[in-house]
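*Asks:* Each chain is listed here by its residues.
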Amino acid sequence: MSIADAIADAGAKPAGKRPYFLDEEVESILAITMAVAQELAVSRQRVDTLERLLEGKGVLSRSEIESFAPDPAAAVERALANQEYIARILRIVQQRNEAADLKNDVASEEVGSEIGAAG
Amino acid sequence: MTLSNAPQQQPYDGPPDYRVVGRHGVFPETNHDEIERINFLAQMNRHLSARVVPGVRAAYEQRVVPAFEKAQGRPIADRHEARRELLEDPAFRLWSAIRRMTMEQRQQAGRWTAIRQREALAQKAAELTDGDDRLQLDPTLAIPRYVSAVDHHCMPGSYHSEYFPGDVTNGANYDHGGFVTTAGLLGKYSDGGGHAVVNWVRRNLKDFAPKAILEIGGTVGHSSLPIAQAWPDAEMTIVDLGAPVLRYGLARAKSLGVDNVRFIQASGEDLSRFPDASFDWIQTTMFLHELSNSALANILSETRRLLRPGGVVLHVEQPQYTPDMALFEQAMRDWDAYYNNEPFWSRMHELDLDQAMVDAGFEREKLIHGGVTGVVDKDLFPDAAEDETEDYGRKAAWHVIGATV
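Going line by line, the protein sequences match chains L and F. Here the first sequence is numbered in our numbering, starting from 1 and rising by one per residue. Here the second sequence is numbered in our numbering, starting from 1 and rising by one per residue.
One should not assume that every hint holds.
Said to hold, decoys possible - Below are the SDA-like pairs computed for lysine to any residue, each with C-alpha atoms no more than 20 Å apart in a straight line:
1. L:Lys-17 with F:Arg-84
2. F:Lys-366 with F:Asp-207
3. L:Lys-17 with F:Phe-344
4. L:Lys-13 with F:Tyr-163
No lab work stands behind these hints, which were simulated from the structure alone. No experiment lies behind these values; they were computed from the predicted model shown.
Hey, can you work out the whole structure from these sequences and the hints?
*Replies:* Structure (structure tokens):
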């Protein structure tokens with residue numbers, strides 16, 4: 001019950017019209033980005049907590065992490081993971097590049113008018 | 001434990017880890033990630049004031065002022081003109097956008113923590129306060145427009161909204177998340193302002209032995225409890241408009257072992273429940289800027305009526321705008337008025353408060369002026385008196401205006 005309430009209401013708008021300092025769309029994207037940056041900071045602290053606890057229990061030493069060298073197979077897996085990640089988050093850039101190369105790209109709405117009229 | 005590979009401790013200047021805050025019987029539980037969210041947001045505010053604001057100042061001095069003077073052939077006239085010109089500058093706009101977001105993220109983070117456990121918090125508050133006549137609520141009390149129209153400092157629901165009977169959500173959010181805004185400068189129990197007032201009174205009113213003390217707009221008692229503890233023979237009365245903060249406040253006080261307090265729901269404009277000359281000391285702390293012109297006048301008049309001969313009233317506030325305060329600083333301080341839902345902030349800080357006190361019946365020659373900074377446990381928390389960053393309007397460095405009668 002409370003979790004559902006918190007999901008619904010934690011981000012409630014305060015009474016009072018919100019000012020925008022940048023273009024409203026740009027500021028909205030920045031607000032989402034800053035919230036994600038916050039959650040990344042939280043995740044980094046959680047990893048740090050884990051490392052310190054594991055070190056405290058003698059499971060690993062943090063210096064092992066700093067000096068970690070993947071074997072060749074692992075290095076390739078990790079490199080591919082980075083490539084996949086970058087391609088995933090830069091999808092919009094890829095699609096804009098692809099669009100720039102197209103001479104006769106049409107919008108679905110245009111095609112709808114075209115094939116509807118031809119019907 | 002000391003680890004062999006641990007680096008030497010680095011010099012550090014900034015907010016402490018949130019885990020040093022003082023907890024009490026109704027303080028919300030905070031898990032690892034909730035704490036780290038608060039740590040991040042406190043550091044965000046620190047970063048904005050220490051690393052971003054200097055760029056805004058430079059933009060004002062190097063771009064905004066020269067461009068204005070070139071175009072208009074005269075200097076910028078006042079803080080309103082300075083703010084309007086700053087609004088055209090990208091540095092001010094980007095800083096403003098991020099500052100506003102950080103404020104919203106702080107509210108969201110605090111509300112998440114408070115709302116997810118609000119039934120349990122209400123239960124704890126009820127166990128501490130049920131049947132205790134030191135909590136006096138008035139469900140018929142009308143919330144004035146200066147509180148209801150916009151939620152102060154973007155805090156959804158403000159101090160007064162109640163989500164179910166016995167609710168303390170907004171008290172819990174206000175209490176545990178305030179650390180973010182001041183980056184720890186208010187200390188372990190967010191009570192650095194109260195301790196500062198105690199020290200000021202002990203230093204300046206040496207033989208003062210108050211028996212009845214009133215704090216108006218005292219919310220959860222952050223500033224009141226240090227006073228009640230410093231004068232244990234006195235009875236401390238805290239009035240506020242908001243039931244959730246008062247309910248939370250008495251539970252908090254009792255769990256911290258402070259018993260010479262009572263929390264009463266009332267408007268500071270109408271304290272007719274108390275006879276004339278009921279109090280030796282009346283206090284407000286960072287309160288006057290959340291009023292209106294008429295409310296301020298009414299409250300000052302009530303304080304005059306309620307003070308006993310030999311009594312004192314003290315108001316702790318951010319500094320007033322004076323001719324010797326640079327227009328840039330005035331415009332930056334006005335930010336909260338326009339962009340952080342503090343609608344009275346700008347007008348209040350330009351008032352002639354001395355005249356307002358005289359108009360309320362105080363004698364000009366008995367007015368008091370002073371200054372205080374937040375008093376904290378310096379082993380754990382940053383000391384506002386030594387902190388060189390300026391987070392316009394947020395720093396724990398205040399003016400005191402008051403009067404004896």
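*Asks:* The structure should be examined with respect to each hint, and the outcome stated for every one.
*Replies:* Hint check:
A distance of roughly 18 Å separates the Cα atoms of Lys-17 of chain L and Arg-84 of chain F; the hinted pair therefore holds under the 20 Å criterion. For the suggested pair Lys-366 of chain F and Asp-207 of chain F, the alpha carbons sit about 17 Å apart, so the restraint of at most 20 Å is met. For a cut-off of 20 Å, the pair hint linking Lys-17 of chain L to Phe-344 of chain F stands: about 16 Å separates their Cα positions. Distance restraint check for Lys-13 of chain L and Tyr-163 of chain F: the Cα-Cα separation of roughly 15 Å lies within the 20 Å cut-off, and the hinted pair is therefore satisfied.
This entry satisfies every hint, going by the numbered hints stated previously.
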